[in-house]
Amino acid sequence: MFLINCPYCGERDQQEFKAGGEAHIERPKQPTELSDDEWAEYLFMRKNIKGVQFERWNHAHGCRKWFNMVRDTSNDEIKAIYKMGEKPPSQ
Amino acid sequence: MTKNLRVKSSEYIDETNRISFKFNGKTYHGFKGDTLASALLANDVHLVGRSFKYHRPRGIMTSGSEEPNAIIQINPGTNRTEPNVRATEVEIYEGLEASSQNCWPSVEFDIGGINNFLSPFFPAGFYYKTFMWPASFWEKYEFFIRHSAGLGKSPTSSDPDIYDHRNVHCDVLVVGAGISGILAAKNAAKNNFKTLLVDEKNELGGSTIYENNEFNKIDNKTPSEWLKKEIDELKGIKNLEIKTRTSVAAYHQYNYLLARENLTDHLEAKDKTNKIRQRLLKIRAKKVILATGALERPLIFNNNDRPGIMLSSAIKKYSEFYGVACGSKNVFFTNNDSAYESALSLYNKGINVEAIIDIREQSESKIVKKVKEAGIKIYWSHTIVDTTGYKRLNSVSIMKLSNDGTSVTGSKISILCDCLGVAGGWTPAVHLYTQSGSKLKFDQEKKVFLPNKNTSEQISVGSCGGDFKIDEIIKNLNQKLKDNLNIKETDLDNIKVEIDQENSKRNIWLLPSDKPMGKTKPFVDYQNDATAKDIKLALREGFRSIEHVKRYTTTGMGTDQGKLGNMHALGIIADTAGVKMGELGTTTFRPPYTPLTFGTIVGRNVGKFFDIFRRTPMNDWHVENKAEFENVGQWKRAWYYPINGETMHQAVQRESKAARESAGILDASTLGKIDIQGSDASEFLNRVYTNAWSKLAIGKCRYGLMLNEDGMVYDDGVTTRLGENHYIMTTTTGGAANVLGKLEDYLQTEWPELDVYLTSVTDHYATASLCGPNSKKILKKIIPDLDLSDKNFPHMSFKEANIGTIQCRIMRISFTGEHSYEINVQASYGKDLWKKCMEAGQEFNITPYGTETMHLLRAEKGFIIVGQDTDGTMTPIDLQMDWIVSKKKYDFIGKRSLYRSDTMREDRKQLVGLLTDDPNIVLEEGAQIVSELNQSPVEMLGHVTSSYFSPNLKKSIALAVVRGGKDMMGKKLFVPMENKNINVTVASPVFYDEKNERLNA
Ligand SMILES: [Zn+2]
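For the protein sequence lines, the chains are A and B, in the order given.
First residue of the first sequence: 1276, per our numbering; consecutive thereafter.
First residue of the second sequence: 41, per our numbering; consecutive thereafter.
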């Protein structure tokens, strides 16, 4: 059970949070311009790597804010947490 | 006549408090302070169980939670019975009853013991090899296996005890209250760290508390004397909390640990009532200090499992701590000096020690000299090659070891004995350490796995960190505390320690016998009867991975997780495969360290607290009026209201007719309600719904369909425009929380530029849905001054009004196809509103109806229920709801996916109506649909999603999803059931009032 440092509330137990998959996948601004393949890339393709992964998390049972997390999936070390819209820390 | 082996009075045993207990039906006596194991040993009872596979007689082996053999059933036949309890951990109390497991008819005479003589037929992987073929026989094999493998019985009635959970936060958690743990906790607390010290035992001090080796001195006192003084000093320390009988079961990442605090297991039945039995502590610690100690290893030799063969350290504890001699003729077998301490302990109390068999060539330590002076015979460079005694050890045979330790030479000597202490060295208890995700490294010199790379703020101190001698322990503990807690001085700076320095060791993982390997039984895992022979066989059969060998041979797979034998298994694998220990890795230790009861895991979440549920403000009325309820998500919803003993079918038919013929009323309070405000609210709705919203006038309502980005229907509901920048959205009952979450997600992450605010108001409003041709008259009676004309208050519009002083929001919308109103009031007025409607409706025979009738009525109209007629694979086009998908809007959630080649396929499953040729046959929901009966295999075209007998149409109706169904109007299909084939015809999903004339009736 992680201890997650919500950028709005501070450290809280993982059970207050919901994981939201890979981060930094922006919804295309003009979906109708995209080919089936390009849209499928946005819609379906997600990374699931062993190692450093960028993820979205939501403080669902708290402030309900979404934020980003950099997590090493091999040992669950949380390397960074930053707000939505902020630039990811350089690796 | 049982012997009394109580040899000295012990300060931990209260001999004035005599306790009687039963074991396997026979009454014994012990004293307050005894464990079941120590009390049985004092009565000379060693035989306590049978092994799992061979049903070999087994005795008490250890004095702690690592016990593999003395696994017993507590209080059999009562509702407090508990299987798989370690006798070494049970504190006795008056009236305790216990019995052996895995034996029938008794531990003394066990039918399954025949397996022991058949053991050549039970090699490693026996179960895998034997029960594989033929596959169809598996059920019969399973029956056989389940009946022969009787690891205890679970209670048959409900648990009378109370369990609890508690969150605990501390700066420093110290696990284990041996010498290292006590010193660590003391110094942490003294330096203002909020400290929690826990130990699984009921007394503090670990093994040092009975450490009376005269050659070890701390500040000129014996370790035991010195530690007692330290423990006394703990009492006055602020910031220090101590919990005994508390076992840490799991160590998760981020220093989150679960511990079980045992509060009443040691009490008599009469004192257990109305108390919390066990409490699960959920501990968040800033720093963790593991002081979990070390477990003594046995030695692996032929027939090393007979009752009477124990760990040498256990013999010492029984002698020193409990004042119990485990035998009257004792022999020790060792590869290091530990056994000499145990031997001296017995010798000093006048108990016979016949001999010590030592695989080393020599040792010059002071304690060995002392043993020699005592006249105890020591056999250097010898090993035990066999033992005798079926239900109790009666002799060991020894031979001289070859120089390389792989064979034996010379003649065989037999020594009579009834107890054998084995000492194979010490294994750091790194179980919790590895659970935390931290990594071990093999220390070639000490022949143990030691903590190497920590993943969280933690240190391992004392013997679990690899320090076995008191001087090392104190020196390294002192440095680790200073570094980890960032403190300059400790109590330990000026401690003087003297120790018996010499302690050589000779490590041989598998000791040779004069018999060939195949004729020996050197047990590695006692609980699962895995022998060194099995491990070697697994290697010969090609297994290499430690995890595979473990599963194939079942080594370490028992309830003790192989705490005693894992190192030997690794050693034997390394030796056999010709690789270095450590290169193979080690096995993974998983939580819990010791088993937890289900009660502890669930805590207070039992019975009605198992899951939370929600009730509407009108709930009391439904209960008073004998409604049956159904669970919808967490809600308890009125399902139907039977009167005069009606069946569900009868009640639903009556309710459905009444709603169409006169008036019905439904509690719709559970529908999700989201208040949407902000200058971009209209634009936001445009983006989340498939249809257009910008032009919806204030005071008007509109039905909306929400998709996922993949184009599949996600939720639906009516949204009303309350003001220029103000809407109220309704969602499905089950979807409310997820819809809010999804909308928030888009607002925060994709469209942060939109000025929109969302608030869940589901619980703030109670909703009564009034429907039927007389609904207007009823509403008129309640709110006489509201103009209900179609002109002023048409279908799909909204009014604010007052019922007396109660403000209400009324939407003229319909989910039944009838003229109807949804009246929303503040939740606290919900029951008043309901009663007023019932009163006003009495003259029209207003009929309350539940969710079942609601489902039937909407099915007559072909209205979908998201989650019943859809399953996450249906687009609005599949649902024949093209009309709600805006062609003009540039974008909305899921729009692009409606033009993917897959979603545009003509042969997708599509929603259609089904009519049975025999109007009285009601299809089963979920039933499959085919177009051919005499074909095999036959393509499944789809399935029935909703099906009812319509009292208004007087026939059976159904909704279904059918491959290419849109173009099958009028086509004959079949629903094959177990005993019959049902003929059906594809129809429009709208069965009733296709022109929607009743909305304005
Ligand atoms: Zn937060």
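Possibly wrong hints are sitting among the right ones.
Result set (DSBU-like, lysine-lysine): computed pairs, CA atoms no more than 30 Å apart in a straight line [unchecked claim]:
id: 1; chain 1: B; residue 1: 782; chain 2: A; residue 2: 1358
id: 2; chain 1: A; residue 1: 1325; chain 2: B; residue 2: 493
id: 3; chain 1: A; residue 1: 1358; chain 2: B; residue 2: 676
id: 4; chain 1: B; residue 1: 312; chain 2: A; residue 2: 1354
id: 5; chain 1: B; residue 1: 48; chain 2: B; residue 2: 369
id: 6; chain 1: B; residue 1: 193; chain 2: B; residue 2: 326
id: 7; chain 1: B; residue 1: 312; chain 2: B; residue 2: 283
id: 8; chain 1: B; residue 1: 481; chain 2: A; residue 2: 1325
id: 9; chain 1: B; residue 1: 522; chain 2: B; residue 2: 576
id: 10; chain 1: A; residue 1: 1304; chain 2: B; residue 2: 479
id: 11; chain 1: B; residue 1: 831; chain 2: A; residue 2: 1293
id: 12; chain 1: B; residue 1: 735; chain 2: B; residue 2: 831
id: 13; chain 1: B; residue 1: 479; chain 2: A; residue 2: 1325
id: 14; chain 1: B; residue 1: 283; chain 2: A; residue 2: 1354
id: 15; chain 1: B; residue 1: 817; chain 2: B; residue 2: 782
id: 16; chain 1: B; residue 1: 676; chain 2: A; residue 2: 1304
id: 17; chain 1: A; residue 1: 1362; chain 2: A; residue 2: 1304
id: 18; chain 1: B; residue 1: 193; chain 2: B; residue 2: 322
id: 19; chain 1: B; residue 1: 431; chain 2: B; residue 2: 559
id: 20; chain 1: A; residue 1: 1354; chain 2: A; residue 2: 1340
id: 21; chain 1: B; residue 1: 369; chain 2: A; residue 2: 1293
id: 22; chain 1: B; residue 1: 326; chain 2: A; residue 2: 1354
id: 23; chain 1: A; residue 1: 1325; chain 2: B; residue 2: 782
id: 24; chain 1: B; residue 1: 576; chain 2: A; residue 2: 1293
id: 25; chain 1: A; residue 1: 1340; chain 2: B; residue 2: 369
id: 26; chain 1: B; residue 1: 559; chain 2: B; residue 2: 536
id: 27; chain 1: A; residue 1: 1358; chain 2: B; residue 2: 831
id: 28; chain 1: A; residue 1: 1340; chain 2: B; residue 2: 839
id: 29; chain 1: B; residue 1: 487; chain 2: B; residue 2: 431
id: 30; chain 1: B; residue 1: 520; chain 2: A; residue 2: 1354
id: 31; chain 1: B; residue 1: 676; chain 2: A; residue 2: 1325
id: 32; chain 1: B; residue 1: 487; chain 2: A; residue 2: 1322
Please keep in mind that the hints were generated in silico from the structure rather than gathered at the bench.
Now the hints, each set against the structure:
Proposed proximity of residue 782 of chain B and residue 1358 of chain A is supported: the alpha carbons are some 18 Å apart, at most 30 Å. Taking the CA atoms of residue 1325 of chain A and residue 493 of chain B, the gap is about 19 Å. The hint holds against a cut of 30 Å. Only pairs whose Cα atoms come within 30 Å are accepted, and residue 1358 of chain A paired with residue 676 of chain B is rejected, the gap being roughly 39 Å. Between the alpha carbons of residue 312 of chain B and residue 1354 of chain A the distance comes to roughly 48 Å, so the proposed pair goes past 30 Å and is violated.
Restraint check for residue 48 of chain B and residue 369 of chain B: satisfied, since their Cα atoms lie roughly 17 Å apart, inside the 30 Å limit. Distance restraint check for residue 193 of chain B and residue 326 of chain B: the Cα-Cα separation of roughly 40 Å exceeds the 30 Å cut-off, and the hinted pair is therefore not satisfied. Of the supplied pair hints, the one linking residue 312 of chain B and residue 283 of chain B holds, its CA atoms being roughly 19 Å apart against a limit of 30 Å. For a cut-off of 30 Å, the pair hint linking residue 481 of chain B to residue 1325 of chain A stands: about 23 Å separates their Cα positions.
A C-alpha spacing of about 46 Å is found between residue 522 of chain B and residue 576 of chain B, which places the hinted pair above 30 Å, so the restraint is violated. Distance check on the hinted pair: residue 1304 of chain A and residue 479 of chain B sit about 46 Å apart at the alpha-carbon level, beyond 30 Å; violated. Between residue 831 of chain B and residue 1293 of chain A, the direct Cα distance comes to roughly 48 Å. Violation of the 30 Å bound is thereby established for this hinted pair. For the suggested pair residue 735 of chain B and residue 831 of chain B, the alpha carbons sit about 20 Å apart, so the restraint of at most 30 Å is met.
With a CA separation close to 17 Å, the supplied pair residue 479 of chain B and residue 1325 of chain A stays within the 30 Å bound. Using a Cα cut-off of 30 Å, the hinted pair residue 283 of chain B and residue 1354 of chain A is violated, with the two alpha carbons roughly 34 Å apart. About 40 Å separates the Cα atoms of residue 817 of chain B and residue 782 of chain B, which puts this hinted pair outside 30 Å; it is violated. At roughly 42 Å between alpha-carbon atoms, residue 676 of chain B and residue 1304 of chain A are farther apart than 30 Å, so this suggested pair is violated.
At most 30 Å may separate the alpha-carbon atoms for a hinted pair to count; residue 1362 of chain A and residue 1304 of chain A meet this at roughly 19 Å. Of the supplied pair hints, the one linking residue 193 of chain B and residue 322 of chain B holds, its CA atoms being roughly 29 Å apart against a limit of 30 Å. The straight-line distance between the Cα atoms of residue 431 of chain B and residue 559 of chain B is roughly 20 Å, inside the 30 Å bound, and the hint therefore holds. For a cut-off of 30 Å, the pair hint linking residue 1354 of chain A to residue 1340 of chain A stands: about 19 Å separates their Cα positions.
Simply put, residue 369 of chain B and residue 1293 of chain A have alpha-carbon atoms about 63 Å apart, too far for the 30 Å limit, and the pair is violated. Distance restraint check for residue 326 of chain B and residue 1354 of chain A: the Cα-Cα separation of roughly 18 Å lies within the 30 Å cut-off, and the hinted pair is therefore satisfied. As the CA atoms of residue 1325 of chain A and residue 782 of chain B are separated by approximately 28 Å, the hinted pair is consistent with the 30 Å bound. Between the alpha carbons of residue 576 of chain B and residue 1293 of chain A the distance comes to roughly 47 Å, so the proposed pair goes past 30 Å and is violated.
Note on residue 1340 of chain A and residue 369 of chain B: the hinted pairing is violated, with a Cα-Cα distance of about 71 Å set against a maximum of 30 Å. Restraint check: the Cα-Cα separation between residue 559 of chain B and residue 536 of chain B comes to about 52 Å, which exceeds 30 Å; the hinted pair is violated. Annotation: proposed proximity of residue 1358 of chain A to residue 831 of chain B is violated, straight-line Cα distance about 51 Å (limit 30 Å). With a C-alpha separation of about 35 Å, the suggested pair residue 1340 of chain A and residue 839 of chain B falls outside the 30 Å cut-off, and the hint is violated.
The hinted pair formed by residue 487 of chain B and residue 431 of chain B fails the criterion: a straight-line CA distance of about 34 Å is larger than 30 Å. A C-alpha spacing of about 26 Å is found between residue 520 of chain B and residue 1354 of chain A, which places the hinted pair at or below 30 Å, so the restraint holds. Taking the CA atoms of residue 676 of chain B and residue 1325 of chain A, the gap is about 43 Å. The hint is violated against a cut of 30 Å. The straight-line distance between the Cα atoms of residue 487 of chain B and residue 1322 of chain A is roughly 42 Å, outside the 30 Å bound, and the hint therefore fails.
The structure shown violates the earlier hints numbered 3, 4, 6, 9, 10, 11, 14, 15, 16, 21, 24, 25, 26, 27, 28, 29, 31 and 32.
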